[in-house]
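Peer 1: These are the residues of each chain, in order.
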Amino acid sequence: MSSVLILVDHVGGVVPKAIGELATFGKRIGSVTAVICSSKSQELIPQLAPFAIDKIIVCNGIEFEKFSIGAAAQALQAVVEKESPKAVLISSSARGKEIGGRLAVRCNSGLITDAIDLSADVIATQSVFGGSTTVHSSVSHGVPIITLRSNSVDVVAASQVPAIESLDVTFDGVDKAVVTSVEAAVKGGRPDLAEASIVVSGGRGTDGNFAPVEEFADLVGAAVGASRAATDAGWYPHTHQVGQTGRTVSPQLYVACGISGAIQHRAGMQTSKTIVAINKDPEAPIFDVADFGVVGDLFAVLPQASGALKQG
Amino acid sequence: MLAKELLVGSIQTMKIAVCIKQVPDSWAEKKMDSDGLLDRAAADAVLNDLDEYAVEEALKLVEANSPTGEAGEGSGHTITLICMGPERATEAVRKALSMGADDAIVITDPALIGSDALATSLVLAKAIQDGGFDLVMCGTESTDARMSVIPAMLAERLGFAQLTFAGSVALDGASILISRQTEFGVEKMIAPIPAVVSVVEKINEPRYPSFKGIMAAKKKTISIQTLNDLGISAQSSWSVVNDSAVRAPRGAGIKIVDEGEGGKELVEFLRERKLV
Ligand SMILES: Cc1cc2nc3c(=O)[nH]c(=O)nc-3n(C[C@H](O)[C@H](O)[C@H](O)COP(=O)(O)OP(=O)(O)OC[C@H]3O[C@@H](n4cnc5c(N)ncnc54)[C@H](O)[C@@H]3O)c2cc1C
Ligand SMILES: Nc1ncnc2c1ncn2[C@@H]1O[C@H](COP(=O)(O)O)[C@@H](O)[C@H]1O
Chain A
8 MSSVLILVDH
18 VGGVVPKAIG
28 ELATFGKRIG
38 SVTAVICSSK
48 SQELIPQLAP
58 FAIDKIIVCN
68 GIEFEKFSIG
78 AAAQALQAVV
88 EKESPKAVLI
98 SSSARGKEIG
108 GRLAVRCNSG
118 LITDAIDLSA
128 DVIATQSVFG
138 GSTTVHSSVS
148 HGVPIITLRS
158 NSVDVVAASQ
168 VPAIESLDVT
178 FDGVDKAVVT
188 SVEAAVKGGR
198 PDLAEASIVV
208 SGGRGTDGNF
218 APVEEFADLV
228 GAAVGASRAA
238 TDAGWYPHTH
248 QVGQTGRTVS
258 PQLYVACGIS
268 GAIQHRAGMQ
278 TSKTIVAINK
288 DPEAPIFDVA
298 DFGVVGDLFA
308 VLPQASGALK
318 QG
Chain B
1185 MLAKELLVGS
1195 IQTMKIAVCI
1205 KQVPDSWAEK
1215 KMDSDGLLDR
1225 AAADAVLNDL
1235 DEYAVEEALK
1245 LVEANSPTGE
1255 AGEGSGHTIT
1265 LICMGPERAT
1275 EAVRKALSMG
1285 ADDAIVITDP
1295 ALIGSDALAT
1305 SLVLAKAIQD
1315 GGFDLVMCGT
1325 ESTDARMSVI
1335 PAMLAERLGF
1345 AQLTFAGSVA
1355 LDGASILISR
1365 QTEFGVEKMI
1375 APIPAVVSVV
1385 EKINEPRYPS
1395 FKGIMAAKKK
1405 TISIQTLNDL
1415 GISAQSSWSV
1425 VNDSAVRAPR
1435 GAGIKIVDEG
1445 EGGKELVEFL
1455 RERKLV
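Order-wise, the sequence lines are chains A and B. Going by the numbering used here, the first sequence opens with residue 8, and the numbers climb by one from there. Going by the numbering used here, the second sequence opens with residue 1185, and the numbers climb by one from there.
Errors might be hidden in some of the hints.
To be verified - Not the full set, but computed from the structure, chain B residues with beta-carbon under 7 Å of chain A: (1) Val1333; (2) Met1373; (3) Asp1442; (4) Gly1446; (5) Gly1447; (6) Phe1453.
Since the hints were made in silico from the structure, they are not lab data. Yeah, the Cβ is synthetic: ideal placement off N, Cα and C, and Gly gets one too.
Let the sequences and hints guide you as you build the complete structure.
Peer 2: Structural data, given as structure tokens:
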């Protein structure tokens, strides 16, 4: 059975659930080989245990954390040449897409980004134009390189213990950019935006008071997002911004509180399965995309909703 | 040459290329044509708004390193816009010229219709190579393709350093320093020139073209080039769209007015849908 490569990326040493999703998609196509391009492989390997992975290849010889994207693409190319896979799957983070882009150039292969589904014959499904159009596409040249959005599939469990191999690579120096310092975003106790099945977001309407948003989010196990108006005002960290220039999320449920629904915000949340909006302006454009809208004051509606949830 | 030797580590003349794209107006409704391509004729065309930040940052870099404090002639540096797209992309290019860029190259060719990221990056990279640029500035995303991959692919093709998603850019001798904003935090990076830099929209506030700028832009050179002129024959795509379907629009949702029970009604809705 020919293999599918999945790139194991991590956030500060933590393997996201998205990698389990890549393995799940990969299994539809062939056996799954996970590729680790990180000096933290010892930390990462045990975290892969729950996922459907047949083999792990650890790339050694490059200070990946220092050289970042160009180096990861180079190492991945070495694995592609060794394994001749049926496809390479990468998660659709900003970094993942850039690694995919560079790999596509290196392997002279087609690239499809932001897929939400993938079939056994490597046909990708994408949702474009703010979710209004569904597209099926496939790569016509080279090894298909496909980046997949997280939260797209239920993760299937491991069926075996993977074999572990290593591959020595030497950095070719093509990308001379060097990371000199990293200031990781403070991670609270809440789920990550890309992974959460519920996202509750606050906008300018919160007037800087995110307490009711956070209370409701915690009761339903949600991640907290924010509009750019809220992040620009310094009410919430920039890493929580949802939208065109922030994160793209597609959870089961998105709750927009005090957010008008500007096109740039909608670009990051419009493909959510169910959208709920609370806004005191009945004309707010967010209601055009909402499955359930409450015209009202978020400072009244959210605490009452939280109260109802607590009563069970 | 001697002068250049004496100025080791500092940039005497910078040749900056700014990659800008003409896109359908993001407020306009987008649809696919029967070939699975974006129907560009159906929408108004504008300058990709995220590319305005790249033009602005290029102008700022030149102004900060110009004896006159201004871009243009006398600054010792040049800013060339590079745009691949249909011929009417020149409208979007004029706008960026009126902000203060010096000249432009528009690559247009019927063979490029339906180009994907591989083709686009190949063509842009050739134009950049031919022009001998030191620094390539990009936006982070085109509002139609929304892939955010062209800058990284350009860096790979050109062998330039990749400094993408920059929230700040500074020149230090022959090196560029950026802070990179990612979904996970802030990274600081450094690279020698030549480099490809893409900038996020928080980096600056793009200037409005002045009347003087608009008048001056009318006289600036836009060189129109075909694939033949560039001496390449690119295939237009490495992937195919098998089919596309317009999804049924979201049915008009339920909208209630809070009259004291809105929060409870909301929770009822969520429980009915088994969302909580
Ligand atoms: C290049 C560019 C990129 C951008 N990228 C993004 C992006 O990634 N993400 C993003 O979000 N924006 C982005 N924006 C900004 C975007 O255009 C909007 O300005 C922004 O989304 C507005 O945020 P908001 O909805 O919170 O604020 P507003 O538009 O001011 O809306 C606030 C809403 O709150 C309601 N409200 C007020 N008080 C209450 C209350 N007590 N209870 C209930 N409702 C209340 C009001 O009726 C109003 O509808 C971008 C803009 C540009 C130019
Ligand atoms: N056809 C094009 N012509 C010139 N620049 C482009 C073109 N397409 C993309 N770019 C540049 O690449 C950036 C990222 O675009 P994309 O990868 O398409 O999301 C844009 O902000 C532009 O700076």
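Peer 1: For each hint, tell me whether it holds in the structure or not.
Peer 2: Hint by hint, here is what the structure shows:
{"no.": "1", "hint": "Val1333", "in the structure": "holds (3 Å)"}
{"no.": "2", "hint": "Met1373", "in the structure": "holds (5 Å)"}
{"no.": "3", "hint": "Asp1442", "in the structure": "holds (3 Å)"}
{"no.": "4", "hint": "Gly1446", "in the structure": "holds (5 Å)"}
{"no.": "5", "hint": "Gly1447", "in the structure": "holds (3 Å)"}
{"no.": "6", "hint": "Phe1453", "in the structure": "holds (5 Å)"}
Every hint from the earlier list agrees with this structure, and none is contradicted.
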